[in-house]
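Using the sequences and the accompanying hints, generate a full structural model.
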Amino acid sequence: MQAKKRYLLVSLGACLLLLAYLWGLQIGEFHQESHQQLYAANAQGPRGPRLPRQHWPEWGHSLSAYLDGVEQEEDSPVGIHQHSSPRERREIRTNIYKSRRCRMDTCFDYSLCERGFKVYVYPLAKGEKISESYQKILTAIEDSRFYTTDPQEACLFVLSIDTLDRDQLSAQYVHNVKAKIQSLPLWNEGRNHLIFNLYSGTWPDYTEELGFDIGQAMLAKASIDMDNFRPHFDVSIPLFSKDHVQKGGDKGYLTLNNVPPSRKYVLVFKGKRYLTGIGSETRNALYHIHNGDDIILLTTCKHGKDWEKHKDGRCDRDNEEYSKFDYQELLHNSSFCLVPRGRRLGSFRFLEALQAACIPVLLSNGWELPFSEIIDWNKAAIIGDERLLLQIPSITRSVDHDRILALRQQTQFLWDAYFSSVAKIVLTTLEIIRDRIHSHISRSRLMWNSLPGGLYALPQFSTDPSMFPFYYSLLGKSPSLEFTAVVQVVTPLQSQLQPVLKLIIAVAKSKFCAQIIVLWNCDKPLPPKSKWPSTSVPITVIEGERKTMSSRFFPHDVILTDAVLSLDEDSVLSTNEVDFAFVVWHSFPDRIVGYPARSHYWDLGKGRWGYTSKWTNEYSMVLTGAAFYHRYYHYLYTHYLPASLLSMVDQMANCEDILMNFLVSAVTKLPPIKVTQKKQYKETMMQQGSKSSRWADPDHFAQRQTCMNSFSGWFGFMPLLHSQMRLDPVLFKDQVSILRKKYRDIERL
Amino acid sequence: MCAAVKYGSRGPALIPRMKTKHRVYYITLFSVVLLGLIATGMFQFWPHSIESSADWTLERRSVHDAPLARLAPTSPLPERGDLSCRMHTCFDVYRCGYNPKNRIKVYIYPLQRFVDEEGVAISSTGLSREYNELLSAVSDSDFYTDDVTRACLFLPSIDVLNQNSLRIRETAQALASLPRWDRGMNHLLFNMLPGGPPDYNTALDVPRDRALLAGGGFSTWTYRQGYDVSIPVYSPLSAEVDLPERQPGPRRFFILSSQTALHREYRVELERLKEENGETILLLDKCSNLSQGHTHTHAHTHAHSPRKRCAKGQVYDYPQILQESSFCVVLRGARLGQAVLSDVLQAGCVPVIMADSYILPFSEVLDWKRASVVIPEEKLPEMYTILKNIPHRQVEEMQRQARWFWEAYFSSMKAIGLTTLQIINDRIYPYAARTYEQWNNPPAVKWSSVSNPLFLPLIPPRSPGFTAVILTYDRIESLFRVITEISKVPSLAKLLIVWNNQNKSPPEESLWPKVAVPLKVVRTKENKLSNRFFPFDEIETEAVLAIDDDIIMLTSDELQFGYEVWREFPDRLVGYPGRLHLWDHELGKWKYESEWTNEVSMVLTGAAFYHKYFNYLYTYKMPGDIKNWVDAHMNCEDIAMNFLVANITGKAPIKVTPRKKFKCPECTAIDGLSLDQTHMVERSECINKFASVFGTMPLKVVEHRADPVLYKDDFPEKLKSFPNIGSL
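Those protein sequences? They're chains A and B, same order as listed.
1 is the number of the first residue of the first sequence in full-length UniProt numbering; add one for each residue after it.
1 is the number of the first residue of the second sequence in full-length UniProt numbering; add one for each residue after it.
One or more hints might be untrue.
Dumping the calculated BS3-like pairs for lysine-lysine here, alpha-carbon to alpha-carbon at most 27 Å [stated by the list, open to error]:
hint	chain 1	residue 1	chain 2	residue 2
1	A	Lys477	B	Lys589
2	B	Lys720	A	Lys379
3	A	Lys118	B	Lys388
4	B	Lys718	A	Lys614
5	B	Lys388	A	Lys477
6	B	Lys379	A	Lys98
7	B	Lys718	A	Lys477
8	A	Lys741	B	Lys101
9	A	Lys733	B	Lys651
10	B	Lys388	A	Lys742
11	B	Lys720	A	Lys733
12	A	Lys742	B	Lys591
13	B	Lys446	A	Lys477
14	B	Lys379	A	Lys118
15	A	Lys477	B	Lys651
16	B	Lys388	A	Lys264
17	A	Lys511	B	Lys651
18	A	Lys678	B	Lys712
19	A	Lys477	B	Lys621
20	B	Lys720	A	Lys614
21	A	Lys379	B	Lys101
22	B	Lys621	A	Lys742
23	A	Lys614	B	Lys712
24	B	Lys379	A	Lys733
Don't read these hints as lab results, they were simulated from the structure.
Here the structure is a predicted model, which means the values were calculated and not measured.
Structure representation (structure tokens):
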């Protein structure tokens, strides 16, 4: 019995083991199968994994090539009436493709732009009235660096007949435009003309008819339909309200990146509903996806005089819901904002959502999005399809947090770069056209779609993004490890003891110094070569043609390094200080990194900006008498800023450093960086001032105050930002042997 | 399998009672089990081999076996292409459906041999090698479905790559006869050589109604933006010639023109340019018998070989010669699209494209400005000057980019076909579209570039303040001191105590120090270091101060200043004690350094400000097994955080304020030198481990720290915002 029991037990055990094993196998198989299924689903769609998939068969027969051997079509006339020469071909093309089929090649006269990209605005005819918005557009052009008053040198012409509102029922509608335009002596069938328009067509069909023949003129139009849009010829602009600011522009609402980035509501909309007619279907259907919880889509029928006549069954319920929510509250507390088409394709809502950092969800089939030629809207918006309205909730919910974070930041960047003021919209339009004219000197999409945006990245400097201070990390690069020192000299060279020589020697000793450039902006003749110290790096002396203050920032061709160390002749710096500041700059290549700092403040009593050189706990500028920055800023200073500001600086021989700080902060939206300096700097500078320096001039300070206010006037906002910190070497003033410290001289007095 | 089990269970009945037979029993049992195992094992593997052999035995079929389809002369003709077609008007998006993978499904019609009534084929070539390649690539891809009812896009197996080989009318009839044609809705045609003599239309002349066209020579007037796809003209040389990638840099020639069928007018212009600018311009042409020089005997073959080009009696190998030039001219021929563009890109030569109104291949997604120079035909005489103005650095960049475009999008029919489908896919699911960077950045750039998730330059307002997160185990006394100290910081918004001790309850509420801000205690389930970086819902501010329960030496000024610095750098770690990683040349690996160094690459999170976002990253996106490693070793969570932040932002941390006598915040329970050394070894090990997981060393070394503007300046202390900094 014992044995029997044992047998029984053993065999039972064996059976169990076997079963367990088989079960294990089964599971394994199951797993494998599910893997296969997954893979199969990936590869061949929803059909069962076991069914052999019908692939494209492997054709064994040797096939012929699509292009047999030498088939390169001969581009030369074979017979007499076969196609003509390239020149003739171009002429024929130019004659065929007109009006609706206009392209730059056929309807634009490039030859007018050979002397530069200048824009002429017609003088306002007597008795002609123009709307506020159109006046803003014209002002923006007149303020820009492209403006010319001479039609002879103009490349582009802008009418002073208000064409913004072409809705015949509108009060702003201007009559007889056709006749007015035809009477313009320079009209020339509209060639090289740019026409702005916000509204076209009217009830009931809202066609995009302008009511006059634009001929070969380019159209910068809001709500433009892809069908009417002539690619690379017209420009799609955003619809903006008459309250849109002239320049500067309100900031985006995002002040910090919230995480998790999702907001109280997922998707919101609040707006009119058109019960019938063009563009009504989408808004009429919105209630299907409204859930009253996190998707709030509100419509009202209450608009127009006799709305009650047409109202449908939903109107009363909709109107009631509509009044329960505040538009601004929704805008600020939603991750996504629905931007459905109205009667026309575009709406104000688009810019409102953009500014509110509420990611636009576009439902407007056929809308050529604003500045679509250059802006990658997939990075800032969800482009939906009106036909797929019911998918919108699941699409928006499927956007993950990282994507929301990125989309939201992009809305803010785009808002600030291209949309926040009329001037920005106009300038973007002009820059797009300018890029087309010189296609080989134009911005890549990278430059348009990443910070700081195309208006601050001038392709005339370079079309290579790695030459700019902005894209290093995007390209996986870093600036070169060398700098060019540019010393501005205004006093004659007399003795060998002059501070400028000491300065040159100290700077030249820096291991990062590649070359030294002396800008001889002194009225005295250039001293002989022997007067300059001998250094291990080359010294180039450039005698300024116009010995002006601004010329210190001229982008001389000899400056080849990414970094520039700008110096006044009376600056006192040790090699240590130079080295350290350069290493800091290398971490912040888009900012100004310098030594003495200054600050601005709002003078409440006088209602204007104040300037202070007092020692304060914060600063917003560093003086360019001793500062590192990227050489691109030389170019930007010289070519981006308007002549009015530059001549102001030159006349006063002052404020060039303030202007540079304004410019760089406007570009980066960040304060400059101050690094440690030896204590005596300030004192020495003041002593120097006793004789020749401009710092001693009592007017000097008052002038700087004035500058601040003129500059912020031109920029349209105050770009300067405060910083409370200074960067010191890691072991600065630490209680450790000085021998351990890399930058010893900075601490030694 | 079942049998085996039964057999086994039958065992007891067969057992003989004799002792000697015990062995026999065991042996049989053993063999039964073994057999069972083997049998099941065989089962396991057999079916698969059977299945896969089915694939192998698939017959290679001949095109001539494809079924014949006879077209009646009255068979319907599609309408001509509709120029106003857009995705929202001519494309049935409902067929594509909403699917979580956001992928369109593509159906390929089975091959048919279309003939007219007389039995004459509609195409002189039938199915070309290239179109066959394209279709089989599609059928092997994720896009493919063999279920016609689920398809979103239809690919006819009618080859229209080359219009010259087609009978236009009959081809159109064949298209219209496709079972799902439906006015060409959702049908995609691939055509590389459109038009024909004498005027060479820029789009396929075959009437095709609403079908999408992937065309190789679109002009701006025939291209329906956002509907058609502009594709390259495939160069068969891509498959024939293997041109290894050449390092970007200066080349023997500056400009090279290799096209043989150029119009006389262009050639004259090019000759003039060469005269003016000398030997750096090479103009190649067909080899005629006269210019053969030494290879007289093979003159005939040469003259017609597409692989030879000649200039002034000199014979050059094509396309190899393209690698010898910085720029290569791509002029339009009778058609706008030229196969030479593909050769030029393959050679890593920067194309100079002169073809007015030409829509560049894949221009919807590719940024050609980074890989080519586009010059209006009229400016041909200025070409030399324009190109001379491009700096060398940029030329090299373009050479690299050109080669990458070829590799990714031009090199085979497969690449061309799948890129086209991806572009259409991106239009249908725009919210899941590939990004500019994915399309345009070469792998090397993708690898080295950084796209900071917090890229917008923002200086957050001061008012929300920060949340101090204190990780504690049982040092109550020290913890309370820390709480009392921190509560003096003006911008403190909330205190969050992470109670990491499961064996002990936190002290009663009444015992905690009285502070003005909310104090919250969260108890953790496990004593893990990672808990300190958990994105607790209780953290309501974006700024987080991670602080150990023994950091009592930081003054309120120092903490407030740290917060101010964080506001200026919200995408960085801003911390107090700094550390450094170094490359140990002797050991050939990374080393951790905490001595008095002049450089910093990490800050300890025993006291550091950072954005709450990094809590999410740490908890949910930490690569590899780093999180587990940290929890298992009870160490290095701070190093891991530094790696994570540096890797994703490409930026160094900011160390604030001078060095203090920290009570060795990272090695609390350790005293004595030897233990200290173990600690250093362990930390070094962490760095090496993390660097290998990240596949790179993301940490950035800097030589600066942040101090208040007036730090140590000769200035009345009471006028300074942060006077109490650096006191020991």
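Going through the hints against the structure:
The hinted pair formed by lysine 477 of chain A and lysine 589 of chain B meets the criterion: a straight-line CA distance of about 24 Å does not exceed 27 Å. Proximity of lysine 720 of chain B to lysine 379 of chain A is assessed by CA-CA distance (about 44 Å); at most 27 Å being required, the pair is judged violated. A distance of roughly 26 Å separates the Cα atoms of lysine 118 of chain A and lysine 388 of chain B; the hinted pair therefore holds under the 27 Å criterion. Our distance criterion of 27 Å between C-alpha atoms is met by lysine 718 of chain B and lysine 614 of chain A, whose separation comes to about 16 Å.
Of the pairs offered as hints, the one joining lysine 388 of chain B and lysine 477 of chain A holds, with about 25 Å between alpha carbons and a cut-off of 27 Å not exceeded. With a CA separation close to 22 Å, the supplied pair lysine 379 of chain B and lysine 98 of chain A stays within the 27 Å bound. Restraint check for lysine 718 of chain B and lysine 477 of chain A: the C-alpha separation of about 44 Å exceeds 27 Å, so the hint is violated. For the given pair, lysine 741 of chain A sits about 57 Å from lysine 101 of chain B by alpha-carbon distance, which is inconsistent with the 27 Å threshold.
The suggested pairing of lysine 733 of chain A with lysine 651 of chain B holds, with an alpha-carbon distance near 25 Å, which does not exceed 27 Å. A threshold of 27 Å between alpha carbons decides the hint, and for lysine 388 of chain B with lysine 742 of chain A the separation of about 44 Å lies outside it, so the pair is violated. Annotation: proposed proximity of lysine 720 of chain B to lysine 733 of chain A holds, straight-line Cα distance about 18 Å (limit 27 Å). Between lysine 742 of chain A and lysine 591 of chain B, the direct Cα distance comes to roughly 20 Å. Compliance with the 27 Å bound is thereby established for this hinted pair.
In summary, the hint linking lysine 446 of chain B to lysine 477 of chain A is supported, as the alpha carbons are separated by about 11 Å, within the 27 Å threshold. Between the alpha carbons of lysine 379 of chain B and lysine 118 of chain A the distance comes to roughly 21 Å, so the proposed pair stays at or under 27 Å and holds. As the CA atoms of lysine 477 of chain A and lysine 651 of chain B are separated by approximately 13 Å, the hinted pair is consistent with the 27 Å bound. This hinted pair does not check out: lysine 388 of chain B and lysine 264 of chain A have alpha carbons roughly 57 Å apart, beyond 27 Å.
About 24 Å separates the Cα atoms of lysine 511 of chain A and lysine 651 of chain B, which keeps this hinted pair within 27 Å; it holds. Proximity of lysine 678 of chain A to lysine 712 of chain B is assessed by CA-CA distance (about 11 Å); at most 27 Å being required, the pair is judged to hold. The straight-line distance between the Cα atoms of lysine 477 of chain A and lysine 621 of chain B is roughly 25 Å, inside the 27 Å bound, and the hint therefore holds. Restraint check for lysine 720 of chain B and lysine 614 of chain A: the C-alpha separation of about 13 Å stays at or below 27 Å, so the hint holds.
In summary, the hint linking lysine 379 of chain A to lysine 101 of chain B is supported, as the alpha carbons are separated by about 19 Å, within the 27 Å threshold. This hinted pair does not check out: lysine 621 of chain B and lysine 742 of chain A have alpha carbons roughly 38 Å apart, beyond 27 Å. Taking the CA atoms of lysine 614 of chain A and lysine 712 of chain B, the gap is about 16 Å. The hint holds against a cut of 27 Å. Among the hinted pairs, lysine 379 of chain B with lysine 733 of chain A is inconsistent with the structure: their alpha-carbon atoms are about 63 Å apart, more than 27 Å.
In this structure, the hints that do not hold are numbers 2, 7, 8, 10, 16, 22 and 24, in rising order.
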